[in-house]
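Trainee: For reference, the chains in residue letters:
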Amino acid sequence: MVKLRAKCILVGDAAVGKSALSQMFRSDGSHFQKNYSMTAGVEVLTRTVHIPDTSDGVELFIFDSAGKGVFLEACEKLWEQPAVLCLVYDISSEQSFQNCGQWLERVRGHSQGQHVPGVLVGNKTDLAARREVESGLAQEWAESQGLEYCETSAKEVENCEAPFLILAQVFHQLYQDRLQAIQALA
Amino acid sequence: MIDAALSSSGAQVVLATSSDENYPPENIIDGSTETFWISTGMFPQEFIIRFSGTQKIRLVTIQSYNVKNLKIQKSTFSDATDFEGIIDKEFEHTEGQLQSNDFALNGTRATHLRFIITSGFDHFVSVHRVMVEGSSESNL
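Chains as they are written, first to last, in the working numbering: chain A, 283 to 468; chain B, 576 to 715.
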């Protein structure tokens with residue numbers, strides 16, 4: 283049995299629902315903030331995810347980072363040595379999707395050459411009528427960047443856990459791979 | 576020459592910030608590089624080795640994998656307090672083989688050594704063995 287710890291950087295444009303998503307995840311779907319409250323700087327939330335078919339867990343330290351550019355410099359100071367990345371856009375905002383590449387670059391700039399697994403999240407599927415970003419297109423881009431992909435609605439409590447479960451599993455797998463490599467050395 | 580950092584010499588790991596029950600910190604002081612302790616995510620990581628009594632330390636050798644920056648501190652008190660820094664070192668990245676680093680300490684006295692890994696070349700780092708060459712000093 284082992285409990286891993288992963289620093290999860292949560293980024294994306296302002297108001298795409300990063301805080302809503304992470305708070306829904308932490309509160310197990312019981313806390314949706316109805317009123318928008320802008321995150322200034324970084325808020326850290328933690329929750330332990332159990333890895334199916336094992337007795338292992340991954341404690342995620344989610345660094346919910348402000349989407350507004352004015353806070354960027356302050357946020358980036360806290361992104362050293364990221365373990366995993368959660369990149370969020372709003373499916374009803376083409377612009378928020380376009381900016382994902384830039385967010386990805388920023389976080390990867392702090393990885394010091396290490397592989398940082400990530401997931402791309404299309405949030406606000408409850409706004410399907412105003413959808414501007416097709417799932418297929420987003421998925422294709424995610425794959426081209428080596429990211430997993432999923433869509434969520436924090437408001438309708440749909441799939442909110444998925445991105446974090448994916449990240450925990452990927453990180454757990456990475457640990458198993460590294461263990462094997464080190465055992466082969468010794 | 577005795578290795579003071581062996582469990583068979585009475586040394587103990589009294590603190591470690593990661594614990595996978597299959598790779599316990601005791602593996603650092605069991606005299607073998609085949610067994611190891613592995614960090615389980617995030618930095619910094621640290622462990623503290625307590626010797627049986629005060630040692631006059633000539634040389635510390637650490638065998639590890641993917642450690643980038645290591646700080647070593649010592650305490651001369653029996654209750655592991657008032658650590659002071661003695662080493663701060665950037666390691667080379669070794670692909671496919673263990674890192675082995677020596678530190679000459681010229682007879683520094685210590686009851687405990689604290690090893691702080693502030694960064695790694697990977698998300699997870701392993702420590703296979705710590706050897707401490709020195710001589711035991713009777714407790715005054």
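Some hints here could point you the wrong way.
Distance condition first, Cα-Cα at most 25 Å in a straight line; then the derived SDA-like pairs of lysine to any residue [as the list claims (entries may be wrong)]:
no., chain 1, residue 1, chain 2, residue 2
1, A, Lys437, A, Glu414
2, B, Lys643, A, Arg412
3, A, Lys437, A, Gly395
4, A, Lys316, A, Arg412
5, B, Lys646, A, Gly395
6, B, Lys631, B, Glu596
7, A, Lys285, B, Met617
8, B, Lys643, A, Glu414
What the hints contain is simulated information worked out from the structure, not anything from laboratory work.
Trainee: Has the given pair, A/Lys316 with A/Arg412, been kept, meaning a C-alpha gap of at most 25 Å?
Mentor: holds, 19 Å
Trainee: Regarding the pair B/Lys643 and A/Arg412, is the alpha-carbon distance no greater than 25 Å?
Mentor: violated, 49 Å
Trainee: Taking only the CA atoms, is the gap from A/Lys285 to B/Met617 under or equal to 25 Å?
Mentor: This hinted pair holds, its Cα atoms lying about 12 Å apart.
Trainee: Does the alpha-carbon distance linking B/Lys646 and A/Gly395 stay inside the 25 Å limit?
Mentor: Holds, because 22 Å separates the two Cα atoms, which is no more than 25 Å.
Trainee: Run the distance test for A/Lys437 versus A/Glu414: straight-line Cα separation, threshold 25 Å.
Mentor: holds, 18 Å
Trainee: A/Lys437 and A/Gly395: Cα distance at most 25 Å?
Mentor: violated, 36 Å
Trainee: Can you confirm whether the C-alpha distance between B/Lys643 and A/Glu414 stays at or below 25 Å?
Mentor: At roughly 45 Å apart (the allowed maximum being 25 Å), A/Glu414 and B/Lys643 break the hint.
Trainee: Mind checking the alpha carbons of B/Lys631 and B/Glu596 for me, to see if they're no more than 25 Å apart?
Mentor: Violated, because 32 Å separates the two Cα atoms, which is more than 25 Å.
Violated hints, in rising order: 2, 3, 6, 8; the structure is consistent with all others.
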